[in-house]
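Let the hints inform the model, and build the full structure from the sequences given.
Residue numbers (the working numbering), protein chains in the order written: chain A, -17 to 583; chain B, 7 to 886.
It is worth saying that the hints were derived from the structure and are not from the lab. The beta carbon of each residue, even a glycine, is placed where N, CA and C say it ideally should be. Among the clues, some could well be false.
What the hints assert, rightly or not - Part of the chain B face toward chain A, derived, beta carbon under 7 Å:
#	residue
1	419
2	420
3	447
4	843
Claimed, not checked - If you only want the chain A side, here are some residues facing chain B, beta carbon under 10 Å, derived:
#	residue
5	21
6	45
7	57
8	59
9	60
10	154
11	196
12	203
13	388
14	401
15	418
16	422
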Amino acid sequence: MLIRRALLAAAVVASLWLGVRAAAPPAPELVSLFPFGGQQGAEFKATIRGRALDRVTAVWFDCEHLSATISGVETDKSSGGTPKKATKKKSSSGGPLQLLSLAVKVAPGAQAGVHYLRLLIPGGLSNPLPIRVHAEPAMMESDARHDTPQNSQPIPAYPVVVNGKLTGGGETDYYVLEAHQGEKLRFDALSSGGGLDPYLTLYEPTGSWFRPDRLTELAFNDEPVPYPGYSLHATLTYEFTKTGRYVLLLGGFLGEGGADHIYQLSIRRASTDKAETDPMAAAHLPASADQLAWSERSWKRELQPDRLKVLWSRAVPPAAIPDIPVLKIDDDPYGASSAPVPVTLPVLIEGSMENPADIDRVKFRVKGGDRIAVEVQTLQKTIPQFNPYLRIVSADGDEAFTNVHSRVNTCGDTILKQIEPKTTYSFPRDGEFILEIRDITHLYGDKSFAYRVLLRPQVPHMGEVHVASDQVNLVAGEVTKLSIDTDQEEGFDGQIALTVEGLPEGVRTVMGTELVPQVPAPFNAGKIERFKPESQKATFLFLSDSATPATRAPVEARVMAQPTVGGKLGKPILVKKILLTVVQPAAEGSENPATKTTEAR
Amino acid sequence: MSTRGAGPQARVGPPGPTLSVMRRKAGQGARRSPGGPPHHLLTLALCVAFVAPAAPPPKLLSLHLTPEARTLRGKKSSQQFLVTGRYSDNREHDLTTEARFTLSNAALARLNEAESGRVFATSDGQTVLTATVSGLSARATLKIEGSTQERPFSFARDIGSILTRRGCNGAGCHGGVKGQAGFKLSTQGIHPKEDYKWIVEGGVFQVLSAESGGPRKPRVDTKNPDQSLILQKATMTVAHGGGPRFAKGSEDYETILNWVRNGASYGAEAKKDDPQVARLDVFPRDVFLRPGETHRFLVTAYNTDGSTEDFTHQVLYEPGQSGVATVSSGGLIEAKKPGETGVLIKAAGHLIRAGVAVLSEPLKDYPKVTRNNLIDEEVFDKLRLFNIVPSELSSDSEFLRRVCLDLTGTLPPPDRVREFLAGKDPKKREKLIDTLLNTPEYIDYWTFRFADLFRVAVFQVGINPKWTQYYWEWIRENVASNKPWDQVALERISAQGYSPASRHYLPYFVIPPPQDGMGEQVRVFLGRRLDCAQCHDHPYEQWSQDQFWGMTAFFGAMFKLGSNNTSVVFDSPGGKEIAADLAGAKDYRVLHPRTKQEVVPMLLDGKQIPYTPTNFPRRELAQWMVAHPFFAEAAVNRMWSYFFGRGIADPVDNFRSTNPPTHPQLLRRLSAHFVENGHDLKRLMRLIVQSRTYQLSNRANATNEGDETNYSHAQPRPLDAEILLDAISDVTGVPEVFSTAMPDTKGPGGRAPAGTRAVQLKETDIYYSPFLDLYGRPNRFSVPERNARPNLSQALHILAGSTYNAKLASKGSRLERWLQQGTPDAQIIEELYLAGFARFPTPTETAELTKLIARTPTRDEALRDLLWAVVSSREFAENH
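Quick look at the structure:
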C-alpha cells in the first residue's frame, strides 16, 4: 500500500512537468551514501550526496527487503569534495552538490552483502550506489575528534560495524578496543568508493623509553592480496597474544580525505573457515543465477564432471553427454621428477601444489587435428597468489603450448604476459603429450594451492553475452540503443537469437545496426585466438511513441539469448536483467517540485 | 720454467699477517694462517711500533733466508731470495742487499750480481745457498731440474707478462675501456687471444662488437721485425703517448723482437693439463717500516699442477700512495713518510694486493686502554702500532645523544637525559643500549635505513603506493622480528610471485633490464660494483665482462605476469622465452654484448647454472651469495658505517683491490662473529655500540687529531635529513605535516597521518618537503648515496626557511607552552640544552644567555632566537 501510494505521488508530481516538451531532464547523479549500509532489521538515517536530487520521486533498491523514506534535500554547503569522476552523459555533472536525507529500513530478511540503491526522478533512473547490509550491530563514528591515539574512539563490543568518514586530507580515525589472549579478530575497512582507499594498522600502546604514549605497530593490513584486482578494501587478521587494549588506525593510503571518503569498519572474530567471504560480495544473485553469472574465463568458475553438459547447454546439445571422469592427485606423490599419469580425454584433474615447485603431470594421446580446450579453476588461493601454469609438451620434450598469453608491448621492448584460465589448441599431428601443472613461481605452494584442470575436446558454444548497460532511460517518443556483444567460443559458427522480454506497455525493441569500427588485431596481439573468443555485436533499439506513459517505477526487462546451430534452436538463456524507465521529456519552464517525502521500494 | 718445493713456498702462501695477528702468540698466528709468513715479521711490526727511540743500538741476533727450499725447473728459471735479520730490539730488517751469497755447488746456478739474492739455474742438481751478514748465516736448499729444457713459447705468458709488467695493458693505458690511440688490450691480459689478434692482425677495438672499427694494420712486421710498431712505440722510436716502456736491447725488447722474428705465432695453445697460474701470492702481505727503510716483496705464482714459480721480477707493482712508499720493478719497497698504502701487484690475468704501513716514531708511556670486545682489540692494536692514542671515553651526555641517534634516530627527551646523567649504575650504558634496541623507535629508524637501501619509493615500486607500503611493511617486519640478514637477502634477491619483496623488481610496472637488477643486488649484498664490467672488463678489478653477463643471466628469465596492479614476478621455467615466436618480438634472451651469444647464468666463481624446466637459478644465486664471504663482510661493513660515518672499506659498496679495508682483520672477525650469530643485525649493533671504540669521545688529542680512518676518536657526522627534521620537530614540539601537495597547488592533496615522523614515511618520494630535499633526501632511483656536505641552500633555509621559522612561531610549540606557564629563563635554557644537546648548559652558557635574553626588548623574541640558535647550531645538527 505504501509503495503504491508513493508511486502514485510520484506519478502526480511527474504529471506536473508534462507541459512544453523539451529535452529529457538530467538524471540524478549519485556520488555517495553515508553511512553506506546498515544491520539487518535496523533502520538508520542516511545522506545521499549528489546532484539533481531535488526531483526525486522514488528510491529504488535491488531487494524487496530494503526501503527508504526521503526527508529532505538541501544544498551541500560544505562541498569540499567534488566527485572525481563525471558520470555518463545526460547526467547532471556540473550542478550544485546536494544532500538528500533519507531513512533506510533494512528488513530482517535482507540478505547480507552489497545491494544497490538508485533514485528515480522524472529524468529517469540514477546511477547505482552500493548499500551494504550486514548482520553485525552498527555504530557511528563519533563526532568528537578521534584522530590521535590519545583520543581514540572506544569500540565497546564486537562484532560491530563502524560507519565513518575521512573528511579531510590526512585525516586518520583511531579506535581503541579490548582484545583477549588467543582471540583472533578480523578487521575490514570497506570503502564505499568515492576515492577512499583505506588502510588499517593495529597498534599496542606499549609506550617507549622516549615517549610514554608511543604505540608499537603489531600489524598492517594485508590488502591488496586477499582479493584479486586492485581492491579498495583493507583486511587485517590478527591473533592477540595477550589481553589488553589495542589501537586501530584507519586512514587513506595516500592520506586522502573528503566528503565522499566513506567507510565501514567491520570488526569481528575471524572465521575458523579458511575461506573467508569477501565482505563486499554482492548480496544475492537473481533467479537463473547460473546463466546470469556465466563466466567463461573466471578462475573461480566451477569445473565439474558435468562441464560438457553445461557447455553444450549453450549450444544445441547432442543426445547424450557423458560425465567427465575425475583424476585426483591427492597426496602429491608426483614431485617435479615423477612420471606422468596416463589419462584419456576428457579428464578432470584435481590436485594441489602442496610444495613449492611441485609439478603434476598427466600424459595423453591425441590425433592430428584434434582440437582441445584446457581449463583451470583455482579452488582456494587464486591469482595473484596461485598462478596455475599449464604446459603441454610432446613426449620428446618440445613445448606445444601453454596457458600463458604472451605479447610484446607496442614499443617491442617488453613482453607482456597473462596467465589464462582457458586455452584452446589444435594438434597438428598424432602423438603422446604431457600436461604439466604447476605454479608459475618456484617459491610458493601448499594445500591451498588447489586446482581443477579440465582437459577436453572443444565444444563450440555461445560464450559470454555482454550487454552494454543494466539500465535504459527511454524518453517517450524517442529511440535508445542497447549494444550487445556475443562471444562465440571454440569455433561456434551458429547464430544467436536475441530478444528482450518484459517490456512495459508502449515500448518495443527492434534490431538495428550500428557502425562498428573494424579494428584488426594489433600486430603484437600474440596468439590471441587461443585465449579470446570471436565476438559479434548486435544492437537493440528501444522505441516508444510520445504517448507512452512514463513508468512509475523501473521495469525489469530480460535480455534473452538463444543459440541456433544447423537450423536447430537451443534453449533460451537469460543473459541480463535491465531496468527500463520511460520518462517524459522535460517541460520547458517547469519548476522544480517542492521537496517531498516519498517511500518506495 | 717452474720450481717445485715443499715448505718454504707454503710460507709464501695464503694471506699474510695482519695487525691483529701480531698481538697473538706465535703459535696462534700459525694456526690461523697455515703456511703464512714467519713470525719474525710479526715481531718486526711490534718492535717497530713499541720500542722506544732511545733504546741502545740493536745487535743482529739471527738471519733467515726465504724461501728455505725451492725447486727451479727449466732453462733460465730463477728465484729471488729474501734475507731478513732479527735484532736484539726484536726488530727485523731486510738484509738482502747487505748479504753475501754463496752456493755450495756454483756449477749448478748463477748469482746475479746486479740483483742481490737472485739465483739463475744453469745445471740440474741440488745446491745450498748461503747468505752471510756480519758473521751470521742462513741457508736455503735449491734443487734444479730440466735446466736445459726450453719452455714452449706462449703468447699469453711470454708476451702478455711483458705487456702487464710494463703497464701497457693497465686500465689507464691500452687496457682501458677503449684502449688508447686505437690500440686496445685486455686489462691485465685476461683475454690473450684477443690481445694477440689486435697486435698481429691490427684493427680498432669497438666496445660492443668483436669486429674491428677501422682498417686492420698489424702492429708487428715479420719482414722487418725491428720496424714493428709495438717495438717502435715502446721504445719511443715513434711518438708514444705512454712514453718509453723499455729500451732497445732490454730483455723485454729482445723477447718481443725474437717473437716477431720467429713469425709472431700465438704459440702453444694451452692444454687442459698444462700448468697454468692459478693464483699469485706475495710475501710479506703487510709490511711495516719507518721512513727511509726498505723491504723486498717476494711474489710467487702457484700453478694449477701444484708447482710454484718466482714472479717477483715478472709483475707490476703499483702503490696507491706513492708519497708513502714506492716499489721498484724488482719489488723493493722504500718507505717515504708515515701513512698507509696498498700496493697492487699485477701479472697477466692476476692481481693481488699488499699493504705497506710507514709508522711514525713510537711514543713513550703509551697508555693502557680498556678493551670491551673484539672491536677494541683490533682498533686499539692498530692505533698502538701507529702510535696513536685513542681519545678518552665519551661523557655520559655525549654517549647518550650519540647512541640514541645511532640506534633510534631520535634525540633523548630531557627527562631521560636527566635520569641517565644522574644514574650511578656502572652498567647504565649497557642497560641503555638494551633498552634502545627494544624500542619502537629502533624499529622505525632501521626500517627507514633499510627502506633507503632497498629503495622503497612509489616511483620505484610500480608507481603504486599500495605496493610501496606492502614492501615497506615487509622491511618493517624484518626489522621488528630481527630477521636474519641472510634470510632478508634470500627473500629479496630471489623474490617471486606477488610477495612484498618482489615489488622492487617492478619499477614503473615493468621488470627492469636484468643487468640493473643484478648490479643492485651485488652492490647491496656483496658490497661490490660490477657495473664497469658491463661494457668491458672491469678496468680496476678482475671482474670480466663474461662474469658480469654470467651474473646478469640469473635475472634474464624474469617476467611480469598479469595486469599492472596484480603483477606477479616469475622466472620463465627453463629460462625459455615463451614469446620468442611473437610478431614484433625482439630477442629477449641475455646476450653477451660482444659475442652476441646467449649467456648461461654463471656465478662469480665460474660455476654455471643453466636453466632447466624445474630449477630456479636466481634462487641458487641468492644462496650462493649469502654463503659467500663477501656477503657477511659487506653487511658488517655497511652496518659499521652507520655508526662511524664511514665503512671499514669505504664507500661501503665498493670493495675493490684499490679500495681495501682499513682494518681487514677487524672486518674478518666482525664478519665471522656475524655469521656465527646467525646474521643477527641487532646483535652486531649491540657489539658495535658496546665497544669502547664507539664510545670514545669526539675530543681529539695531540696524537689523533689528524686521524680520520682509524677510529681513534668519534667523528662528528651530519644528521641525515629525516633525522634532523624529526629532531627539530622534537625540540620545538611542533610535528611536521607531510603533504603530497605542493604549497602553490590547489586542492587538498594527501597527507601523512598527523604526528608522522620523517623516518616513518612509507613512500617518502611523494611527500613534498624542501627541507628533506635540501638536506639530502635521496630519490631512491638507485642505491642511495646521501650527500652529507653542507650547501648554501641549507644556510639560507636555516635563516629564512619555513621549517625553522614556522616551527619557532607555531602555536602549541614547546616554547609557547613555557611562555604561557611563565617558565623562568634559566629553566627554558636548560630544557632546550637537554632537548637539543642532551647536556646541561654550563654555568657560563646559562649566565650569558640569561643576560642576552634580558637585554632583548621582547622576551618571546629572545627565546625564539635562542631556540633557533639551538636547532641551527652545529652541535645540534651533527651526531658527535
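Going through the hints against the structure:
1. 419: Holds. Min distance 6 Å.
2. 420: 11 Å, violated
3. 447: Holds, about 6 Å.
4. 843: At 16 Å from the nearest chain A Cβ, residue 843(B) fails the 7 Å test, so the hint is violated.
5. 21: The hint is violated - residue 21(A) has no Cβ within 10 Å of chain B, the shortest such distance being about 29 Å.
6. 45: 31 Å, violated
7. 57: Given a least distance of 21 Å, the restraint on residue 57(A) is violated.
8. 59: Violated. Min distance 17 Å.
9. 60: Constraint on residue 60(A) not satisfied, violated at 13 Å.
10. 154: 4 Å, holds
11. 196: Given a least distance of 6 Å, the restraint on residue 196(A) holds.
12. 203: Since the shortest Cβ distance to chain B is 9 Å, the answer is holds.
13. 388: 4 Å, holds
14. 401: 6 Å, holds
15. 418: Holds: closest Cβ of chain B sits about 8 Å from residue 418(A), inside 10 Å.
16. 422: 5 Å, holds
Violated hints, listed in ascending order, are 2, 4, 5, 6, 7, 8 and 9; each of the other numbered hints is respected by the structure.
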